[in-house]
Each structure stands twice: as C-alpha cells, then as structure tokens.
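Heads up: the sequence lines are chains A, B and C, in that order. According to the working numbering, the first sequence is numbered sequentially starting from 56. According to the working numbering, the second sequence is numbered sequentially starting from 45. According to the working numbering, the third sequence is numbered sequentially starting from 257.
The reader is advised that the hints may include incorrect statements.
To be verified - Here are a few chain B residues that face chain A, going by a calculated C-beta distance under 8 Å:
| id | residue |
| --- | --- |
| 1 | Glu192 |
| 2 | Pro299 |
| 3 | Ile300 |
| 4 | Tyr347 |
| 5 | Leu349 |
| 6 | Tyr350 |
| 7 | Thr352 |
| 8 | Ser354 |
| 9 | Pro390 |
| 10 | Phe446 |
| 11 | Tyr449 |
Calculated directly from the structure, the hints in this document are not laboratory data. All C-beta atoms in this analysis are idealised placements derived from N, C-alpha and C, irrespective of residue type, glycine included.
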Amino acid sequence: MKIMNCPLNGPRNISEFVWGGEVKPMPDPAATSDQDWAEWLFLENNEAGIVREWWCHVPTSFWFIAERNTVTDEILKTYPAGDVFKSRVDFAAKAEKQS
Amino acid sequence: MIPAFVPLKILRYGFRKKYPAERFIPPAKDLKKSYDVVIIGGGGHALACAYYLAHTHGITNVCVLERGYLAGGNTARNTAIIRSNYLTPEGVRFYEQSLKLYREFSQELDFNILYSERGHFTLAHTDAAVRTSRWRAEVNKQLGVNSELIYPDEIARLCPHLNMSDKVRYPIMGALYHPPGSIARHDAVAWAYARGAAKLGVEIHQQTPVTKILVENGTVKGVETPRGTVYANRVMQAVAGNTSMVAKMAGFRLPIRTIPLQACVSVPLKPFLDQIVVSGSLHVYVSQSSRGELVMGGSTDPYGLYSTRSTLDFKEGLLGHMLELLPMLGEVKVLRQWAGMTDMTPDFSPIMGLTPVKNYYIDSGWGTWGFKATPVCGMTMAHTIANDSPHDLIKPFYLDRFVEYAQVGEKGAASVGH
Amino acid sequence: MNAIAPASHLRRSFIYRLLAASGAEFGEVNGGAVALHYGGSREAELATARRLGLADLSVLPHGGFKGKGTVEWLTAQGLAIGPDSNVAYKQAGGEWAARLAPTEIFLLDSLAGTGALLQRLNAAWQWAAAAPRPAQGYPMPRQDSHAWFMATGAFVPEMFAKICGVDLRREHFAEGAIAQTSVAKMSAIIIRADRPAKDGRVTPAYHVLADIASAEYLWTCLMDAAAEFDGKPVGLRALRDLEA
Numbered sequence: 056m057k058i059m060n061c062p063l064n065g066p067r068n069i070s071e072f073v074w075g076g077e078v079k080p081m082p083d084p085a086a087t088s089d090q091d092w093a094e095w096l097f098l099e100n101n102e103a104g105i106v107r108e109w110w111c112h113v114p115t116s117f118w119f120i121a122e123r124n125t126v127t128d129e130i131l132k133t134y135p136a137g138d139v140f141k142s143r144v145d146f147a148a149k150a151e152k153q154s
Numbered sequence: 045m046i047p048a049f050v051p052l053k054i055l056r057y058g059f060r061k062k063y064p065a066e067r068f069i070p071p072a073k074d075l076k077k078s079y080d081v082v083i084i085g086g087g088g089h090a091l092a093c094a095y096y097l098a099h100t101h102g103i104t105n106v107c108v109l110e111r112g113y114l115a116g117g118n119t120a121r122n123t124a125i126i127r128s129n130y131l132t133p134e135g136v137r138f139y140e141q142s143l144k145l146y147r148e149f150s151q152e153l154d155f156n157i158l159y160s161e162r163g164h165f166t167l168a169h170t171d172a173a174v175r176t177s178r179w180r181a182e183v184n185k186q187l188g189v190n191s192e193l194i195y196p197d198e199i200a201r202l203c204p205h206l207n208m209s210d211k212v213r214y215p216i217m218g219a220l221y222h223p224p225g226s227i228a229r230h231d232a233v234a235w236a237y238a239r240g241a242a243k244l245g246v247e248i249h250q251q252t253p254v255t256k257i258l259v260e261n262g263t264v265k266g267v268e269t270p271r272g273t274v275y276a277n278r279v280m281q282a283v284a285g286n287t288s289m290v291a292k293m294a295g296f297r298l299p300i301r302t303i304p305l306q307a308c309v310s311v312p313l314k315p316f317l318d319q320i321v322v323s324g325s326l327h328v329y330v331s332q333s334s335r336g337e338l339v340m341g342g343s344t345d346p347y348g349l350y351s352t353r354s355t356l357d358f359k360e361g362l363l364g365h366m367l368e369l370l371p372m373l374g375e376v377k378v379l380r381q382w383a384g385m386t387d388m389t390p391d392f393s394p395i396m397g398l399t400p401v402k403n404y405y406i407d408s409g410w411g412t413w414g415f416k417a418t419p420v421c422g423m424t425m426a427h428t429i430a431n432d433s434p435h436d437l438i439k440p441f442y443l444d445r446f447v448e449y450a451q452v453g454e455k456g457a458a459s460v461g462h
Numbered sequence: 257m258n259a260i261a262p263a264s265h266l267r268r269s270f271i272y273r274l275l276a277a278s279g280a281e282f283g284e285v286n287g288g289a290v291a292l293h294y295g296g297s298r299e300a301e302l303a304t305a306r307r308l309g310l311a312d313l314s315v316l317p318h319g320g321f322k323g324k325g326t327v328e329w330l331t332a333q334g335l336a337i338g339p340d341s342n343v344a345y346k347q348a349g350g351e352w353a354a355r356l357a358p359t360e361i362f363l364l365d366s367l368a369g370t371g372a373l374l375q376r377l378n379a380a381w382q383w384a385a386a387a388p389r390p391a392q393g394y395p396m397p398r399q400d401s402h403a404w405f406m407a408t409g410a411f412v413p414e415m416f417a418k419i420c421g422v423d424l425r426r427e428h429f430a431e432g433a434i435a436q437t438s439v440a441k442m443s444a445i446i447i448r449a450d451r452p453a454k455d456g457r458v459t460p461a462y463h464v465l466a467d468i469a470s471a472e473y474l475w476t477c478l479m480d481a482a483a484e485f486d487g488k489p490v491g492l493r494a495l496r497d498l499e500a
C-alpha cells in the first residue's frame, strides 16, 4: 500500500488518511459576495502537477498539509498546517439585517 | 480433426475482393484552415455530438481533434452499464432519453453495439438505502421509468446466485429493480458514431492534441495544434478527465476534481449472471459481458490523480465485497485491470452547455456516469452548438448553478457510494 | 467471586453474548459483569494468554481529560505524565495515562478495576465558578464511547500484522508506545503495556481501544485473525495471573 508520512504519527498506510482538497485562501465570510464565496467553495484548480492539499489522519483527526504530484502519484512532503497558517483567523459575525 | 485444406480455404476467402474490410473512418487528410465547429476530444461524447451536428442539424464542416486514438479514454474504460433510474427528475429525464436512443442505436446507425437488456439491481443493505430506493422508485415511476423496490424473496427469485444470507456483514434488505438496465459494447458505440459522422463529412483527426485555445474579446476563435492553427466559429470540449486542463486553456475554472476510477474483469465464465448487480454499501457493481467475463467496478479512488494506474488496495476491497455477494467466485481469477480518469462534480451531475467564453461549449462533469449518457449528450450538445442555446434537457446542468446555489444533487443515485 | 449472569448487571460488555458463547464465566468487578475465565484449567488459560489471548475489558473503568491545561491539572492531582504525545505513562497504582495529543489524556484503570483514580479525578474536577476560568481541561467520558480489549502473548505482533499497518514488534514498539491507527479497517488506539511476572518473565500485552458501536465487529475480526495462531479468548483472571 502507498505510504504517507503523517507529521504527527509518522509513516502510515494511505488508507488511514482522508483527502481534503486544495488549500485555498478563504475569503472573509462577512465581507465577501455570494459569488466569491461559491467560487471559493466549489471551483478547483484541479492541477495536473504539483498541488498543495489538506489531508486528515483519521484515527487522530489530525489535519495537515501535503504537497503531491497528481501526475506521478508521488507525495513530495507533508507538514503541519501551522507551518502555513501562523496565526488564528477570527471573523466578525455579519451584522444582523434590520427589518 | 481439421482437414488439411481448411486453412487454405480460409486464406483464399481472406484474399477475395468480394468482401473488403470496412474502413470506418476515411484516412486523415490535412487539417483545413477553418471549420464551422471544432470538437476537442475524440471519445464517445465528442463523436456522438459530431454525428448529430451533421445528421440532425446539417452542420458537416466539423472537425474532431483527438490527442491519442479514437475512444481511447473513458469510452474504453467504463463498465458499459446503461440505466435511467436516477434520483432527481432532471437526471431521470435526461438519462431516460439516452436509454431510448440506445435502444434504437443499432438500427439507426446500422452498427451492432450488442445492446443487451439485463435488468439492473441496486442492492440496499441498510434502512437508509431501502428508503432511498423507495424514493428513487417513486421519482422514476412518476416520470414513466420502469423501476420498483423489491424485497429479498423476489431478489432471490430473479437473481438466484446472490448470497441472501443474513450471516454477512451487510445482508441484502431490498433492491431497486430497473428492468430496462442494459449493457452494450462501449467501443462499438464510439465507432458507430465515428463512422456515421465521417460518412456525413465530419473530419476526424487522431494524434492531434490541442495546445492552445484562441480567445479574443471573450469569444473563441480557434485552437492551435502541432499540425497548425485551426480557426472555428464554435468550439466544444468533451475531454472527461482532462476537463479542467482544457478549460484552463480557454480561461475558466470548473468545480471538478479529477479522480481515477478502477475496474477489472475476470476470466471468461459460462454465462450465469444475467443481471447487472450493484451495491452501494459494498462499493461493487458487476455484470457478465457477452464474452463471459465478469466486469467489475467499485467506487472512485480515495484521492485525486491524473493517472490511470491500478492499485492492489482497490482490488482487495472490491473482490472482498464481491465474494460476500457471490461466494462461489472464490476460485475465479482476475484477467485484466484498468482505470479511467473521471470528472467528479460536487453534486454528482454533469456540467454541460454554455461557458464564460462565447461560442465555446462544454460537455463535462462525467464522473462515473458518462457512458450511459453518450447518445443524449451528443444529441443535446449538437442542439446547443447549433442554436447557441442549451437544449432543454441539459438546462439544469449549466455551469453557473454552483455560484447560484442551484445544484442538482444526484449523489443518491451514483451507482456506488462515492 | 461467584459466577453471575451478565444480563443481570446493567454494566456489561457490548459483546457479552459473544463471550458467553465462547464459554465465558462472568464475575462482578466494580459493579459490572466481566468475563473472568473460560471454564478450563487456570494453567491452560494462562498458557493461552502467554501464547495469544484476547480479553474484553470494556467494563473496567476508563475515561479521560482533554483541553488546554489538562496535563498541568492532572499533574497537580498527582499523576506522572511525560512530555511526549503518543506515549502512555504508567501510574503508581498500575493505571495508564495515555497522552494521545499534547492536551488529551486517555486514562485506563489497572486490572484491579476499582476505578479509584478516575473517581478521585472526576470528583476533584470542577468548572471554576467565575471567569476568567483557569485552563484546566475538561472531563472526556470514555466509558461508553470506547470498547477496551487486551491482546496478550508472543504472537500478538504477528496477529496484528494481518489487520494493522503499524509494526508492533517489541523492538519497534516500546513499552508505553501508542499507535493511533487503523485495525481491521476501523480507527483504533493500540497501547503496549506488557505484563511482567514476579519471576521476571514478561508477556507482551497491548491495549486496544476502539469505537464501542463496532465492538462486536472488531472482536470478531480479532478472533478471526488470532485463530491462525491458535489464539483464544482469555478472562481477566489470566491477565492478572500473567503478573503473578
């Protein structure tokens, strides 16, 4: 079986992981338009080549980032999400509409 | 004993001029400078579209550009199942039209596609699956599709080989039975459309990749290939698997992930399995081809990939479940394995019709449900191109449904859980 | 301890029917019905446990604490917890504090099964009355979320090699090591906790914790995997005897 290196648990069978899709910058949900939100939600680069993606080690529910070549099926590297996301992102709740 | 002169007779027969081998497609000519319509991709969908453009709409100045060889992608890699027992009214109407076209196919195109009506069983192993089957049966019947929820006694009568024991992990609790479910020879479908289109004047160019799509002021002008630039009034892409990469050349993104789908066949066996059997919980579908091979598939791979490699994990999982359904296959061997690259969409429905680029059309989002839609895709896309307006049957599958939050949720009818 | 009918106890294992079908004799431990032995001779069952035995400890007390400040709070309560995650730390009373993550501790009682430590911790923990509340974690009930099995004997690593991707051989998986992995296709936690006898003989032993809703499935898979090595179910008595 293909082996993926979990930054927390070490090398494991790929069947222990779940693919989470591309790492995409999330727009501020309170400020963005419906259209931009839908684009962030649904549109994919779906690159044939090297991609940066979310993966989850299911037994520990640990989410991390993997760089992978989608043509050769090689996992290039894996690292904790904290290497990319350095600080907590807080979103202000959207103001209630006055009726 | 074969008499000694028989081989000679066969040889003589072979050299006679009376029965020349039929050439389906005329030899390739040089590419012209321009066409009315250029179709990117040379699979079943593209060839069907070319055929209906010429046949129904009289547009014959059409060029099909195929990177590799004809029908060498997903047309050659599916498991050839045809059915219309979907979950959403939009889906049912669309696939039902396809099924009708398939029934008349061999007659209309004068080409035997070995269309074989088998009866399609979607097994339910949980209360939730029984409920979804009931829901699908009612939607189907409402739209005139022959579909019914049946229970173990009837399943055992119709399909006596299935293991109906309750001493397995997922006992069979019911099934959605769809008598018109069929199989056909997939290559023949593409060849028939290719021949039909070529007879009407469509040019088919294999070994001709599109390397660039020319767009000016938001309107497509043509495509570049290693054999030269080709101008066109209208361009369509039908390249499941590579959809996102081709769309990127045209300048837009899609809600599609490219994920491999693997399948395999067993050694040929005497005909014993008349039906098509699918189990969502067990991630299995199986039918017996006219050659006697069991054609087996399962769910898509667990992650995206532009590759048609096969894995042992997939077969271990698939065959373990196969043995739960049909334990007598324990000694049977796998003969061939392969994979295709599917276009998975978030709502398990296709993406068809107009695009953000004027005069550029798309036939995509063919996750694991593309073969059965081949005729109706050709018919509706030809209509869409000829009129620059989407055919009624494909209106719900427009690209902008995602940004308008108007998806067509077909997950409950994907043949196996994905 | 006299034999009891597990159905007469509210606290019994999810798989008590499977155990009973294998010949288990149940006794009461801490108010629950636990499979103590399987009817044969005490020596024979001990020999099975040394070769390959599977025991169900789901009724024995287990629980946990989680959240920021958990380790500091538990340390203040007298527990000895080391710095590394994916390591279980043995406590003075024979309990294990398994550090699943920097701020998550899974507690397994000793095989005496008195529940004393967990009772003391649960009684001591309380939500501070007013903000700002100190970071002290929060209780994570595990008694009814996780089935708890123990696999013992020389053939355990070989048995797990059939159903789990992690190498559990002793030279690769030290005492106290934790693997949060997949066993028979379901998520599980494996903790190595050998059973040393007074004569110095050490029997390899591994705790297995997994979703209790699939306890019957997992037990059946483990028994199936163990059959090749002549593995059999063993009771709590044999596990205790391993340390005698």
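For each hint, the structure was consulted:
Given hint, B:Glu192 at the interface with chain A, is violated; its Cβ is 35 Å from that chain's nearest Cβ, farther than 8 Å. The beta carbon of B:Pro299 comes within 4 Å of a beta carbon in chain A, closer than 8 Å, and the hint placing it at the interface holds. Proximity of B:Ile300 to chain A holds as hinted, the smallest CB-CB distance being about 6 Å (cut-off 8 Å). Annotation: interface hint on B:Tyr347 holds; nearest CB of chain A at approximately 4 Å, less than 8 Å.
At about 5 Å, the closest approach between the beta carbon of B:Leu349 and any beta carbon in chain A falls short of 8 Å, and the interface hint on this residue holds. Interface restraint check: B:Tyr350 against chain A, minimum CB-CB distance 4 Å, threshold 8 Å, status holds. Taking 8 Å as the C-beta cut-off, the interface hint given for B:Thr352 is violated, the closest approach to chain A being about 11 Å. For B:Ser354, the shortest C-beta to C-beta distance to chain A is roughly 11 Å, which exceeds 8 Å, and the interface hint is violated.
Of the supplied interface hints, the one on B:Pro390 holds, with its beta-carbon coming within about 6 Å of a beta-carbon of chain A, less than 8 Å. The interface hint given for B:Phe446 is met, as the beta carbon of that residue sits about 4 Å from the closest beta carbon of chain A, less than 8 Å. A hinted interface residue such as B:Tyr449 counts as satisfied when its beta carbon comes closer than 8 Å to some beta carbon of chain A; here the least separation is about 7 Å, so the hint holds.
Hint violations for this structure: numbers 1, 7, 8, all remaining hints satisfied.
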